[in-house]
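Trainee: Just so you know, we're using this note's numbering here: the sequence shown kicks off at 13 and counts up by one.
The hints are simulated quantities; they were obtained by calculation from the structure and are not laboratory data. Here the structure is a predicted model, which is why all the values come from computation and not from measurement. Glycine included, every Cβ here is placed at the ideal spot set by N, Cα and C. There may be inaccurate statements among the hints.
[What the hints assert, rightly or not] So the derived label-pair ranges between C-beta atoms look like this:
| no. | residue 1 | residue 2 | range |
| --- | --- | --- | --- |
| 1 | V152 | P210 | 27 to 35 angstroms |
| 2 | F208 | G57 | 45 to 53 angstroms |
| 3 | L67 | V211 | 21 to 29 angstroms |
| 4 | H209 | S15 | 35 to 43 angstroms |
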Amino acid sequence: MTSSWMLIAGALFATMGAFAKLLGTQFSGAELSMYRSLVALTVIGVVVMIRRQSLATQFWKGHFWRGTTGTISLVGYFYAMTQLPLATAITLNYTSPLWLTVLSTSLLGERFRPMLVVAIVLGFIGVGLLLQPTFSDDNVHAGLIGLSSGFFAACAYANVKKLGEVGEPEWRVVFYFGLAGFVGSALAQTVWQGEFHPVDTSNIWPLVGLGVAATIAQLAMTRAYHSGNTLVVGAFAYSTVIFAAIFGLVFFDEKLPPMAWLGMAIIVASGLMAKFASEKPASVKGKPTLPAEED
Numbered sequence: 013m014t015s016s017w018m019l020i021a022g023a024l025f026a027t028m029g030a031f032a033k034l035l036g037t038q039f040s041g042a043e044l045s046m047y048r049s050l051v052a053l054t055v056i057g058v059v060v061m062i063r064r065q066s067l068a069t070q071f072w073k074g075h076f077w078r079g080t081t082g083t084i085s086l087v088g089y090f091y092a093m094t095q096l097p098l099a100t101a102i103t104l105n106y107t108s109p110l111w112l113t114v115l116s117t118s119l120l121g122e123r124f125r126p127m128l129v130v131a132i133v134l135g136f137i138g139v140g141l142l143l144q145p146t147f148s149d150d151n152v153h154a155g156l157i158g159l160s161s162g163f164f165a166a167c168a169y170a171n172v173k174k175l176g177e178v179g180e181p182e183w184r185v186v187f188y189f190g191l192a193g194f195v196g197s198a199l200a201q202t203v204w205q206g207e208f209h210p211v212d213t214s215n216i217w218p219l220v221g222l223g224v225a226a227t228i229a230q231l232a233m234t235r236a237y238h239s240g241n242t243l244v245v246g247a248f249a250y251s252t253v254i255f256a257a258i259f260g261l262v263f264f265d266e267k268l269p270p271m272a273w274l275g276m277a278i279i280v281a282s283g284l285m286a287k288f289a290s291e292k293p294a295s296v297k298g299k300p301t302l303p304a305e306e307d
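The whole structure should be built from the sequences, with the hints applied where relevant.
Mentor: In structure tokens:
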């Protein structure tokens with residue numbers, strides 16, 4: 013059942029990406045991030061009210077950095093999806109386990125193991141193979157933004173881990189991330205473009221679909237991580253890349269060359285290798301691990 017929940021999450025995250033690409037001609041990445049966050053914030057907020065849970069927290073600094081880095085990642089993620097083939101953009105964001113490996117050893121003091129070195133090297137070889145055949149001079153910047161979204165996602169995950177270690181409940185982390193994502197994305201749109209594109213009957217339902225798909229996917233992923241082995245769930249998480257490739261081909265006629273597929277496969281393999289190497293000592297120590305929340 014664990015694999016089924018993660019496959020559902022993977023399909024829904026890819027669906028979110030397809031909605032983002034569809035709306036990319038009408039909204040900026042910041043606006044898409046804002047509406048995605050608004051739907052998630054509304055859903056979580058209603059649940060919090062119904063359950064009468066407290067939003068009071070002593071860990072504002074952790075929430076601030078989680079929200080800031082997560083929002084930057086989310087804006088970059090949506091921008092990349094509007095400019096690049098869907099599978100390419102999502103795979104670049106999924107370099108986050110590699111970045112997280114570097115951050116965990118440099119900032120969190122975790123031991124740097126040889127397998128992690130191999131995973132990082134392989135991962136960035138895969139990035140090179142993925143970018144080289146699918147980029148033109150016009151969208152190199154979009155690829156770099158997509159890659160940076162993976163880095164900032166890793167920064168957000170590191171903060172999620174710290175919040176979990178001090179006992180902050182996951183629903184509170186998700187709520188404040190939704191709040192930060194909404195406010196931060198709105199500010200980014202105001203600074204960069206100074207205006208918001210109109211929402212009307214032709215685009216409101218895709219916007220709602222984007223937010224609902226992302227929110228349900230998040231819930232399905234959380235259920236999968238809670239009920240199953242972290243490494244197994246992490247492996248199935250990469251199903252998002254496969255679903256995205258299928259959606260890109262069917263709905264947007266995006267055909268990736270063989271070298272791009274090879275690059276994607278190497279990135280997935282290196283991400284799984286990094287997960288395995290980093291999770292193994294955690295299971296020995298008995299420390300709980302939090303699921304990496306999709307941005």
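Trainee: Do the Cβ positions of F208 and G57 conform to the proposed distance bound of 45 to 53 angstroms?
Mentor: 22 angstroms, violated
Trainee: In this structure, is the beta-carbon distance linking V152 and P210 contained in 27 to 35 angstroms?
Mentor: Given about 31 angstroms between the Cβ atoms, the range holds.
Trainee: Between L67 and V211, does the beta-carbon spacing fit 21 to 29 angstroms?
Mentor: 28 angstroms, holds
Trainee: Does the beta carbon distance between H209 and S15 stay inside 35 to 43 angstroms, or does it fall outside?
Mentor: 39 angstroms, holds
When the structure is compared with the earlier hints, a violation turns up for hint 2 alone.
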